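Peer 1: Chains H and F are the protein sequences, given in the same order.
Numbering of the first sequence is given in full-length UniProt numbering, commencing with residue 1 and proceeding in unit increments.
Numbering of the second sequence is given in full-length UniProt numbering, commencing with residue 1 and proceeding in unit increments.
Be a bit skeptical, because a hint or two may be false.
Example chain F residues on the side facing chain H (calculated, C-beta under 7 Å, incomplete) [what the hints assert, rightly or not]:
#	residue
1	Lys220
2	Thr222
3	Gly224
4	Ile225
5	Val246
6	Gly272
7	Phe293
8	His295
9	Pro299
10	Leu300
11	Tyr348
12	Gln349
13	Pro351
Hints listed in this document are in silico derivations from the structure and should not be mistaken for laboratory results.
If you're wondering where the values come from, they're calculated on a predicted model, not measured in any experiment.
Glycine residues also receive a C-beta, built at the ideal position from the N, C-alpha and C atoms.
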Amino acid sequence: MSEATKPQPQAKGEKTPISDTSYVGIDAILEQMRRKAMKQGFEFNVMVVGQSGLGKSTLMNTLFKSKVSRKSVQPNVEERIPKTVEIKSVSHDVEEKGVRMKLTVIDTPGFGDQINNENCWQPIMKFINDQYESYLQEEININRKKRIPDSRVHCCIYFIPPTGHCLRPLDVEFMRHLSKVVNIVPVIAKADTLTLEERDSFKKTIREELRANGIDVYPQKEFDEDAEDRMINDKIREMTPFAVVGSDQEYQVNGKRILGRKTKWGTIEVENIAHCEFAYLRDLLIRTHMQNIKDITCSIHYETYRVRRLNESNILFTSNPPDHPTVQPKANGQPEEQPATPQPNGVAAQHEALSHEM
Amino acid sequence: MEHMSSPVRFRSNKKASTFSGKELSSLSIRDQEDMQYPYAMRDLPLMSHSGEQHQRPGHYGAEGIGSPINGRHLSLPGTPSLVRTIPFHPRGSPAVPPRHNHMGLDPEFQQLPLRRQIVSQVSLDSPLSPSMRPRSPWGRFDPYDSPEDQDKEYVGFATLPNQVHRKTVKKGFTFTLIVAGESGLGKSTLINSLFLTDLYKDRKVLNAEERISRTVAIIKHTVGIEEKGVKLRLTIIDTPGFGDAVNNTESWRHIDDYIDQQFEQYFRDESGLNRRNIQDNRVHCCLYFISPFGHGLRPLDVDCMRALHEKVNIIPVLAKADSLTPAEVCRKKMKIREEIKQFGINIYQFPECDSDEDEDFKTQEQILKNSIPFAVIGSNVQVESKGRKFRGRVYPWGVVEVENPAHSDFLLLRNMLVRTHMQDLKDVTREIHYENYRAQCIQNMTRMVVLERKRSLREKYRDGSEADFPLPLAVADTEKERLIYEKDEELRKMQEVLERIQEQMQHSHRGGC
Numbered sequence: 001m002s003e004a005t006k007p008q009p010q011a012k013g014e015k016t017p018i019s020d021t022s023y024v025g026i027d028a029i030l031e032q033m034r035r036k037a038m039k040q041g042f043e044f045n046v047m048v049v050g051q052s053g054l055g056k057s058t059l060m061n062t063l064f065k066s067k068v069s070r071k072s073v074q075p076n077v078e079e080r081i082p083k084t085v086e087i088k089s090v091s092h093d094v095e096e097k098g099v100r101m102k103l104t105v106i107d108t109p110g111f112g113d114q115i116n117n118e119n120c121w122q123p124i125m126k127f128i129n130d131q132y133e134s135y136l137q138e139e140i141n142i143n144r145k146k147r148i149p150d151s152r153v154h155c156c157i158y159f160i161p162p163t164g165h166c167l168r169p170l171d172v173e174f175m176r177h178l179s180k181v182v183n184i185v186p187v188i189a190k191a192d193t194l195t196l197e198e199r200d201s202f203k204k205t206i207r208e209e210l211r212a213n214g215i216d217v218y219p220q221k222e223f224d225e226d227a228e229d230r231m232i233n234d235k236i237r238e239m240t241p242f243a244v245v246g247s248d249q250e251y252q253v254n255g256k257r258i259l260g261r262k263t264k265w266g267t268i269e270v271e272n273i274a275h276c277e278f279a280y281l282r283d284l285l286i287r288t289h290m291q292n293i294k295d296i297t298c299s300i301h302y303e304t305y306r307v308r309r310l311n312e313s314n315i316l317f318t319s320n321p322p323d324h325p326t327v328q329p330k331a332n333g334q335p336e337e338q339p340a341t342p343q344p345n346g347v348a349a350q351h352e353a354l355s356h357e358m
Numbered sequence: 001m002e003h004m005s006s007p008v009r010f011r012s013n014k015k016a017s018t019f020s021g022k023e024l025s026s027l028s029i030r031d032q033e034d035m036q037y038p039y040a041m042r043d044l045p046l047m048s049h050s051g052e053q054h055q056r057p058g059h060y061g062a063e064g065i066g067s068p069i070n071g072r073h074l075s076l077p078g079t080p081s082l083v084r085t086i087p088f089h090p091r092g093s094p095a096v097p098p099r100h101n102h103m104g105l106d107p108e109f110q111q112l113p114l115r116r117q118i119v120s121q122v123s124l125d126s127p128l129s130p131s132m133r134p135r136s137p138w139g140r141f142d143p144y145d146s147p148e149d150q151d152k153e154y155v156g157f158a159t160l161p162n163q164v165h166r167k168t169v170k171k172g173f174t175f176t177l178i179v180a181g182e183s184g185l186g187k188s189t190l191i192n193s194l195f196l197t198d199l200y201k202d203r204k205v206l207n208a209e210e211r212i213s214r215t216v217a218i219i220k221h222t223v224g225i226e227e228k229g230v231k232l233r234l235t236i237i238d239t240p241g242f243g244d245a246v247n248n249t250e251s252w253r254h255i256d257d258y259i260d261q262q263f264e265q266y267f268r269d270e271s272g273l274n275r276r277n278i279q280d281n282r283v284h285c286c287l288y289f290i291s292p293f294g295h296g297l298r299p300l301d302v303d304c305m306r307a308l309h310e311k312v313n314i315i316p317v318l319a320k321a322d323s324l325t326p327a328e329v330c331r332k333k334m335k336i337r338e339e340i341k342q343f344g345i346n347i348y349q350f351p352e353c354d355s356d357e358d359e360d361f362k363t364q365e366q367i368l369k370n371s372i373p374f375a376v377i378g379s380n381v382q383v384e385s386k387g388r389k390f391r392g393r394v395y396p397w398g399v400v401e402v403e404n405p406a407h408s409d410f411l412l413l414r415n416m417l418v419r420t421h422m423q424d425l426k427d428v429t430r431e432i433h434y435e436n437y438r439a440q441c442i443q444n445m446t447r448m449v450v451l452e453r454k455r456s457l458r459e460k461y462r463d464g465s466e467a468d469f470p471l472p473l474a475v476a477d478t479e480k481e482r483l484i485y486e487k488d489e490e491l492r493k494m495q496e497v498l499e500r501i502q503e504q505m506q507h508s509h510r511g512g513c
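Excised from the complex, chain H in its bound form (with noise of 0.2 Å):
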């Protein structure tokens, strides 16, 4: 940061009367923005998406160390399996040595629990759009708010159950049409099952099963920015997914409190590096990489939606025949669209398309 005996520039650009003939006190624009985001506070928007019982709900509590899942709320309802997908988001205001933020929890219960399970990833999909289409509703307004709220999701951690095998077709397909909106993060869930050989025997089969279906989780290859950020990134896709261990219980271990599981034949601590890969998620979701996933949600994901919106609404004003060949605008047709959503206007219609389209 900048020394304290300077004075503090105010303003970009502006040269203050210089004492150290090469200083001209531009990182302190550092210190300016620190100071402004502290006031402003962060948002983070987490989606959660598994199995009932894979222990998400404990996983965001252990992440946080706080109170900040869905059940943790709702303390006294019985676990039922919806038969539908829901989607249920809960927020929560943390924080730490001064810095606020707003933690989103979106959780999705109902998710692969069916019987049949075709198309349970369709709801998913259709949130994660509306959250972008509000966004961008806000920003072509012409009176704008100063800060849009930012609900948009940027991060969605998928719970992969540790089979052991490989992975299921349902993760196949839910991880192929969401990498395309969302930043994916998965992970291996209630990983103290799996000895260490049939973990990484797992994680090397998950990976190549990812890479065979051209599924890009994130850390996405295509978004290093330089080598720097690829090898960093390099070193997280080797580890990619993680398997984590949640628990929100504390135990005494050689005279430390720890978060862990207590079982007959050992203590599994959730911190420690040699019993699961806990802090190497908590590290890159919330450590080192938090801006960055914000960004690409922003910057990537957001504008591929923003520009496909864009476009379609063009082509339907100007009534021009589509010669985009990926755009369909009269969407209706469609065998998969979703059935129940009314259409008010035209360009609500556009927005089934591109729900559907993926």
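Please arrange chain F on chain H, whose structure you already have, making use of the hints.
Peer 2: Then chain F, alone, in the frame of chain H:
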């Protein structure tokens, strides 16, 4: 079915003097595989000797229990669990260690030279005196071998169990087991651990793409195991692909069809002309693997078990239990038991204990009942820890032992499946599931026949022609035909009543078991 629940425990003294109906009938052979015994049941001349029977021969110390029907206790090493099981039934128990309290055999040997002395002192009044008895082929398993029996008169049919045993051991036993559950729950590993075989040596696990286009397959593995002279032909039916697809509505259809096919084949064989070598491929037991990662039963589990519970004995198993802490295991078991009751799934029920059973035995059975579903861990890998070698899984935070009862219910499951309840499973399959199938089959057939007859009768009345009846009718007489027609109506009504009664019986039967 109540015979199943009265295992041959040679009762304690207080019951020795009376021969209850149960004990007498427990001598009858229930299994059709056993040979029929020509000896009629007679009043034994031992009633007068009831006083002497109360002596507990110390050397038959296996259970420390004396005097049964005629004062003998069988301690045959080949059937160590005979004491706790159904009388004289052949046991498919390949993995049976010698029971630790079989201390009876050694003292027996010591008694033999004594017997020689006694023999010479015995009077030779009766024609059946022991000194004139031919040398017994049973050797030391001869129930009449104790010195105090030398001067009594016996008919000699207490060797029946030995005869049955010998014959069935020669024939060998079969057992068919089907495993069902999603892939990745450790089914193959558990089967290998249960029977200490390697049925799945060259398995190739398909990746997700290949799985998308696959339907549920039925694969049979047969293996012959022999232990201590007892042969077991074990058939394991695997169902790869179950529950893997995105749309799983037809997953259990294949299993259902397979079980029906086996029943049908057996039914045909049984009704055939040559019944000498019927191959029994009926499925005796279904191990259903429940995932530990859910909150209790999934919709797929419920539907599948409901489809199969009337056809096969279902034993639910909680797989990969090393991912759960002990509290979680308890909670999940309770939840699953509740859901099983809530959805009306009839899993395999253990036979009830008699009220005069040993306390130990009763507590064992109670433990067994409370452990459903069995929380199991399987492993094919031998690990070494603290100087011992055992099957287990090595984690960075500890080592799980498969056969440690504190770690998993694997031992309970194996004991139940192989050592104690294998015969019961087969009996329930034979008597309940197969009989239900058979009754339904016959009903369907009769119904079809009746319909056919009615139809043709109707035609006859309408057309007035001499149609060919599917069933031979005596005379083509209009009067008689009218009577027949009326009788057919009655028959149909009676059948409906019969169906209703059967349903009620099944209900009460199910409730009772």
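Peer 1: With reference to the structure, classify each hint as holding or not holding.
Peer 2: We went through each hint and held it up to the structure:
Contact between Lys220 (chain F) and chain H, as hinted, is not supported at the beta carbon level, the nearest pair being about 21 Å apart and thus beyond 7 Å. The closest approach between the C-beta of Thr222 (chain F) and any C-beta of chain H is roughly 25 Å, which is over the 7 Å cut-off, so the hint fails. This hint is violated: Gly224 (chain F) has a C-beta 29 Å from the nearest C-beta of chain H, more than the 7 Å allowed. For Ile225 (chain F), the interface hint is violated, the least distance from its beta-carbon to any beta-carbon of chain H being 27 Å, above 7 Å.
Given hint, Val246 (chain F) at the interface with chain H, holds; its Cβ is 5 Å from that chain's nearest Cβ, closer than 7 Å. Because the closest C-beta pair between Gly272 (chain F) and chain H is about 40 Å apart, greater than 7 Å, the hint is violated. The closest approach between the C-beta of Phe293 (chain F) and any C-beta of chain H is roughly 5 Å, which is under the 7 Å cut-off, so the hint is satisfied. Satisfaction of the interface hint for His295 (chain F) is found here, the shortest Cβ-Cβ separation to chain H being roughly 4 Å, below the 7 Å cut-off.
Nearest Cβ of chain H to the Cβ of Pro299 (chain F): about 5 Å, under the 7 Å cut. The hint holds. Given the 7 Å rule on beta carbons, the hint for Leu300 (chain F) holds: about 5 Å separates it from the nearest Cβ of chain H. A cut of 7 Å between beta carbons decides the hint on Tyr348 (chain F): the least distance to chain H is about 24 Å, and the hint is violated. Interface hint status for Gln349 (chain F): violated, as the beta-carbon distance to the closest one in chain H is roughly 27 Å, over 7 Å.
With its C-beta approaching chain H no nearer than about 31 Å, Pro351 (chain F) sits outside the 7 Å limit, and its interface hint is violated.
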